[in-house]
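If you want the building blocks of each chain, they are given just below.
Protein chains: 4
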Amino acid sequence: MCRWLAYSGTPVLLETILYKPEHSLIDQSLHSRMGVETTNGDGFGVGWFGPEMRTPAIVREIGPAWSNRNLREIAGHVRSHLFFAHIRASTGSAVQQTNCHPFRHGRWMWMHNGAIAEFPRVRRDLALAVDPRLFRQIEGSTDSEMMFFLALTLGLEEDPPGAVARMAGLVEEVGHEHGVEYPLQMTVAVTDGRRLWAFRYSSQGDSRSLYYSTRVETLRSLHPGMSFLQEVSDDTRLIVSEPLGDLPGVWNKVPESSYGVVQPEGDALMPFTPQAA
Amino acid sequence: MCRWLAYSGTPVLLETILYKPEHSLIDQSLHSRMGVETTNGDGFGVGWFGPEMRTPAIVREIGPAWSNRNLREIAGHVRSHLFFAHIRASTGSAVQQTNCHPFRHGRWMWMHNGAIAEFPRVRRDLALAVDPRLFRQIEGSTDSEMMFFLALTLGLEEDPPGAVARMAGLVEEVGHEHGVEYPLQMTVAVTDGRRLWAFRYSSQGDSRSLYYSTRVETLRSLHPGMSFLQEVSDDTRLIVSEPLGDLPGVWNKVPESSYGVVQPEGDALMPFTPQAA
Amino acid sequence: MCRWLAYSGTPVLLETILYKPEHSLIDQSLHSRMGVETTNGDGFGVGWFGPEMRTPAIVREIGPAWSNRNLREIAGHVRSHLFFAHIRASTGSAVQQTNCHPFRHGRWMWMHNGAIAEFPRVRRDLALAVDPRLFRQIEGSTDSEMMFFLALTLGLEEDPPGAVARMAGLVEEVGHEHGVEYPLQMTVAVTDGRRLWAFRYSSQGDSRSLYYSTRVETLRSLHPGMSFLQEVSDDTRLIVSEPLGDLPGVWNKVPESSYGVVQPEGDALMPFTPQAA
Amino acid sequence: MCRWLAYSGTPVLLETILYKPEHSLIDQSLHSRMGVETTNGDGFGVGWFGPEMRTPAIVREIGPAWSNRNLREIAGHVRSHLFFAHIRASTGSAVQQTNCHPFRHGRWMWMHNGAIAEFPRVRRDLALAVDPRLFRQIEGSTDSEMMFFLALTLGLEEDPPGAVARMAGLVEEVGHEHGVEYPLQMTVAVTDGRRLWAFRYSSQGDSRSLYYSTRVETLRSLHPGMSFLQEVSDDTRLIVSEPLGDLPGVWNKVPESSYGVVQPEGDALMPFTPQAA
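Line by line, the protein sequences are chains A, B, C and D.
For the first sequence, position 222 matches number 222 in our numbering, and the numbering has no gaps at all.
For the second sequence, position 185 matches number 185 in our numbering, and the numbering has no gaps at all.
For the third sequence, position 1 matches number 1 in our numbering, and the numbering has no gaps at all.
For the fourth sequence, position 108 matches number 108 in our numbering, and the numbering has no gaps at all.
Wrong hints could be hidden among the right ones.
Label pairs and their in silico Cβ distance ranges [claimed, not checked]:
hint : chain 1 : residue 1 : chain 2 : residue 2 : range
1    : A       : THR214    : D       : ARG33     : 56 to 64 Å
2    : C       : PRO271    : A       : GLU22     : 40 to 48 Å
3    : C       : VAL36     : A       : GLY249    : 33 to 41 Å
4    : D       : SER227    : A       : ARG107    : 24 to 32 Å
5    : A       : GLY249    : D       : THR10     : 30 to 38 Å
These are calculated hints, taken from the structure and not from any lab test.
Note that beta-carbon positions come from the ideal geometry of N, C-alpha and C, so glycine has one too.
Extracted from the complex, chain A is given alone in its bound form (with noise of 0.2 Å):
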């Protein structure tokens, strides 16, 4: 499993968000509170959009996040609208840069915290689903990445809540072919620079812990004496595998089975459905 984190709106370092909070994901990465592993060294990435930039820059390495001299570099010195940050805690597949989150198609990037159960099982037929034209480009061996194709191919880039509610059925009947109860654990962001969307999912209906930060209105008028809200712009937002500290109000559960949408024209929260592929 692993921990993750999404932010959208006023242009920040990475820094800020990703180190400078009390209990940020560098810290979860050493002492994860709410993780399924305490500990999430397998890996990590970082994946940006910044002015005039048509994609995402991904940097992602194998070693452990908190003592990665680069990333405290990149993290210092560049600024963004709208970043991933991930780190993961494998639990099997090889610690390979290729199996490092985000995942990125073009404009888009995915990432992910879950299981597929019983991946082994169940990963050649999934495959056999990815649109053949996409199947060349899948580099590691992740179910994660393997959501993303399946995404992808199920119309990711024209709706993405359908095309994530395809994947979720999708991988849910293929599970039941297999005999397995329970055959879908996920939460997900996915953007496409634009648009931020997160989904809070899982056949058995516990699902991993993923938040939404407060309105900053809202929060300006809770901690008015904080100066970083003064800074932010209204439509700034976090979403998060667990709060970044205990800061009373801040932090809201996503609730299961549903999933939310950053936008310009104004984020909503929604229920979430699988469907038939």
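Mind docking chains B, C and D on chain A? Use the hints.
Frame of chain A; chains B, C and D shown alone:
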């Protein structure tokens, strides 16, 4: 493309073969003479059998062999009577441990130099031909690993030359279906810990170089002063992508479209023809 | 801080000690119970003596031990009668191979848990105390390597306990000159391939944990059902940063300010006091 | 030995300089024409200044540049008006991040090609000459980093050309004391984020190659069809170990024993002579 060597015979420190010859494999990692690339710095691997070892030990890394201190340590302290070593020059697939040779399945080790032409286009069809129970063990993204799993699917453990011939036939058939004129280019080494097979073949009839060492008995009479030759047994044999030096009479070309077997019951050199799978 | 173990006795596969115990060193890399940090993921090393080996082989890597496949391969295939293993939690110095333990000089291997307090402040003065001919061999930036080279300078190869006492005395003297109240914190293991010494000391009299295993003869009568104990010789001994499991009667604390020696002529436990260098 | 380039001028994506030229630095990592080694695969680094950056960002890795995906990502997405890039061919010191260039101290960046002759013999004496407050910041084991800390000790931040001259004088003095005939071989680049200095010198008067680009104004009249030249400002300048291609009129040798400065108040080329420290 890549360079490799396979050793069978009197137990020696790996460094005797890997580092000490004039134009050793480590030297070839920086200055290959016959390879498609002069530099082979995209990972390496060694696999060895020792006394009482039922499976080979395999150490693989993603950096260049020439500067790797752990390889130097292992080579200077481990003895083996049967070992493989491989240095990699990636032609596009990721530089990651699971793409480094040798590959292993139980007692079996496999390494390869060459390529399946236009592998991204044919990869999916070849993947479908792998036994589903084996498919789940594929960890990397190379044509070389795919060839190994196809050969395993097609009977490698019972009939190595036949299985490799069927694998080659299948690769050519699938390639032709995709309009590839010359689908396969390969030199392959494979062992079960007792016997060692080496294949040289390409669809175009213009295969990568492969050499085997002259019988030790003959070498002793050619080079009576070489103490190394006094110390190794008569059945010691090396198969290499390119000669480890310029000593006259030592190296013999493996002919086009042929394979050799090194085994206790006597070595042999035979023609190789792909077969319908 | 770090965790380590030292083994001397019947030749075993390294994995017997490194991976198989309930709370093995590999488990400790993720879940140390007694270490200053619970995670020891900033590199690792193993060093072993085998038959006919005049120097130990040392394999060190900068990633976590728990996910390292090469360590798993080596541990599963290499036998040794005398070996060290170390997992590192950096307290600031760079995560690099030359900062991983064990360190080697000829036949001698050294590993350490602890710290020289305020090392950046005293580092230069300590470096000046190293024999100029040895100074050029310092490759890393840790206090641990510096302690090794100071001990070598002060006679480690002739009188290990005396040299370590003089090294500790020097570190305390230099520390006090710089106003450091408690300059030294250490558990150290050192071997020449025949004997093995382990030291536990700290200026404050509050040293990191260190344990040695009970005599095999006694363990056999305590745990008559354990087959492992039947297979190892009477002189087999383990020294560890923390117990490898909860089996009653197996582990004994090395007392404060003392050292032990494991050797063919009989093991011994003695008091340790720093000496003027 | 190594290869490097320094860029100052119109902000560009790093890839414009690092990857796109015919004989780019990345190409030189595999096929250097003028280097002592044709392969420079023992680590690399880039350091860049961007808008609002008070210190440069520095990303360094230990593998080859040619296969590094993170370097490709950064180069394709980061713009800079002043950056350094370096590819390393180790002549013996460890392949580790702290031995990769550029080195940094506050706003200052430093990179080097060449060597202090017989560095192991003179290393200790040179280390003693480093300001004790700076000594503690030395993390690696290269002559290049030592030269940087000596130059800092000798006034780099106040008088760069003078400090480098005194550093060179000291290296020669210490070398001669140890019986070294030609103690120093160097091309060095150093910047404070505003100005950029480049030095070419060797004790033997036979220095490694160094080139600077012709004034953009002149190049435009030489190559009126090159669109790149229309886009960059008149003060854009490149300094490189070897030309990035064969375009006539672009590259000029930095003369023996001289240095250049690139700065807003006008570039200049001057003689360089070591001075007594």
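So, going through the hints one by one against the coordinates:
1. Restraint check, A:THR214 to D:ARG33: a C-beta distance of roughly 60 Å satisfies the suggested window 56 to 64 Å.
2. Take C:PRO271 and A:GLU22: their Cβ atoms lie about 45 Å apart, and the range 40 to 48 Å holds.
3. C:VAL36 and A:GLY249 have their C-beta atoms about 35 Å apart, which keeps the hinted 33 to 41 Å range intact.
4. For D:SER227 and A:ARG107, the hinted distance range of 24 to 32 Å is satisfied, since their beta carbons lie about 26 Å from each other.
5. Checking the proposed 30 to 38 Å range against A:GLY249 and D:THR10 shows it is violated: the Cβ atoms sit about 47 Å from each other.
Violated hints amount to a single one, hint 5; each of the other numbered hints is respected by the structure.
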